[in-house]
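A.B. asks: The primary structure of each chain is shown beneath.
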Amino acid sequence: MGGWLSGSPSCVSCYVSLQNNQTLVANVGTIATLTWDGQITCSIAGTFYSSGGSTSVASYTSIQHNYPRNPLPQPCWISQFFDHVINGSTHHAQDVVNSNSSSNGGLATPYGTPVYASEGGTVAKEASGNGPAAGGYPSCVGKSSPTNFVKIKNPSDGYYTVYAHVTPTVANGATVTAGQQIGVTDNSGCQSAGHVHMARKDPNNNPVNFTIPCANPTPTTKFADGLVNDDVPSTL
Amino acid sequence: MHWALLIALAIAVPSVGQITLRIPLEQGGQPEQIVVATFDEKRVSAADVKRWMLLHENGFYSTPVIGFSSDCKTSDLRKMEDAIQKTQQIVDDLDSNKYPPELSDVVAYLKNTQSFWLWLAEQERAFLKTGQPPGTEYDGTNLGKCETPIAQNRSQACHQVFLKWHNCVLETMQKQLGSYPKQRWKAFLDAYGIQERLESTID
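Going down the list, the sequences are from chains A and B. Per the working numbering, residue 1 is the first one in the first sequence, and the count goes up by one each step. Per the working numbering, residue 1 is the first one in the second sequence, and the count goes up by one each step.
To be clear, the hints were calculated from the coordinates, so they are not data collected in a lab. Hints are not guaranteed to be accurate.
Taking CB as the label site, the calculated pair distances span [what the hints assert, rightly or not]:
1. B/Asp95 <-> A/Asn100: 51 to 57 Å
2. A/Pro75 <-> B/Asp190: 29 to 35 Å
3. B/Pro100 <-> A/Pro73: 44 to 50 Å
4. B/Gly193 <-> A/Pro213: 32 to 38 Å
5. A/Ser156 <-> B/Thr141: 27 to 33 Å
So, partial list: chain B residues that the calculated Cβ filter (under 10 Å) puts toward chain A [as the list claims (entries may be wrong)]:
6. Glu26
7. Gln30
8. Thr113
These numbers were taken from a predicted model, which means no experiment stands behind them. Built from N, CA and C at the ideal position, the CB exists for glycine as well.
I would like the entire structure built from these sequences, with the hints used as guidance.
C.D. replies: Here you go:
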């Protein structure tokens, strides 16, 4: 799936093309949301089905940013993409796991794996001390269990990057450089297997879409392998 | 057995007048954390509970506004001025007279932390503006070990101040400032009959 945008706040064109046998089966061509808020967000109503038939996204939000670095110490794989609908809730983050080159898929990231900043900035917030969700997965689904995370503000553009299910090793206010270790993966919150839940927020704390240089940087026919499925309904 | 059951029910069932608020711990669109606070509105007002939650360990007043100048451009001065102004406002707002006495330690800790961040940002602004090396003492604490060596060029000097000096001073002062007084916060909540539960919006 791909797309592009052009125009100005008063006149915007938005095109989305489908690839890899994906089919848009509902509300074809309907622009559900087209807003101008300093950036253009393009969303198409409908459901995209991969050739595997098991995956859907409710909309495709244009990419706002491309991170130059993977947050893990080994090649990565996106197990749940931004826009992916899980039990009726839209995932506004990328879940990052280890890449499994032999199967062209993903592998759970072991707890305790170092996590590196995908870009530099200032630690705007960190949360620690949270353990696994009560009852474990999947009974924790929908219970909004608190999780550990590190949130870094890029001073150049004011955008934030959130690395969750991560025990911080940096303090509030610290300066971090791209590639610097900021924490380790942990079993905090509601999750089925180790991964980094990576989100990007605009200066007003609204989620935006982005890419990470993983083996599957954008959705393909294999974009949901079912490996990590932390189905917590979210307001994100 | 019968009495034990009655006591358990009395604890589990909220009394009349109790209300529950979901209070985001961050400003803006979609916060990472939300506090679910349950309290008796005859004892405390919703407005006060919302205001007090700004003092939460993960709340607004625990969050730094400051940020480093990534490219060491003088054009970043405006952003730094803005951050300094906001931090100064936070320091001014953290007046223990505006809060219940049970929160005095929490307010003092947050005020000290924000005051330190303010000083840090002022030092970095002065460096960016005039090249003046940052200070070697804060609030009686000697920061000489963080002193930056003479740099070969501006880029190196920036790296030394905004990364090395910044993190060295932060680490040193964190030991001085200590950690958030969680027990005091808990005692305050108990004293006012406020139950809190943390929720995450991270899925």
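A.B. asks: For every hint, state whether the structure bears it out.
C.D. replies: Checked hints:
At about 56 Å, the beta-carbon gap between B/Asp95 and A/Asn100 stays in the expected band of 51 to 57 Å. At roughly 50 Å, the beta carbons of A/Pro75 and B/Asp190 sit outside the given window of 29 to 35 Å. Checked against the given bound of 44 to 50 Å, the beta carbons of B/Pro100 and A/Pro73, roughly 47 Å apart, stay inside it. Under the hint 32 to 38 Å, the C-beta atoms of B/Gly193 and A/Pro213, about 51 Å apart, miss the expected range.
Against the hinted window of 27 to 33 Å, the Cβ-Cβ separation of A/Ser156 and B/Thr141 comes to about 31 Å, which satisfies the hint. At about 6 Å, the closest approach between the beta carbon of B/Glu26 and any beta carbon in chain A falls short of 10 Å, and the interface hint on this residue holds. A hinted interface residue such as B/Gln30 counts as satisfied when its beta carbon comes closer than 10 Å to some beta carbon of chain A; here the least separation is about 5 Å, so the hint holds. At a threshold of 10 Å, the smallest CB-CB gap from B/Thr113 to chain A is about 8 Å, leaving the interface hint in force.
When held up to the earlier numbered hints, the structure conflicts with 2 and 4 and fits the remainder.
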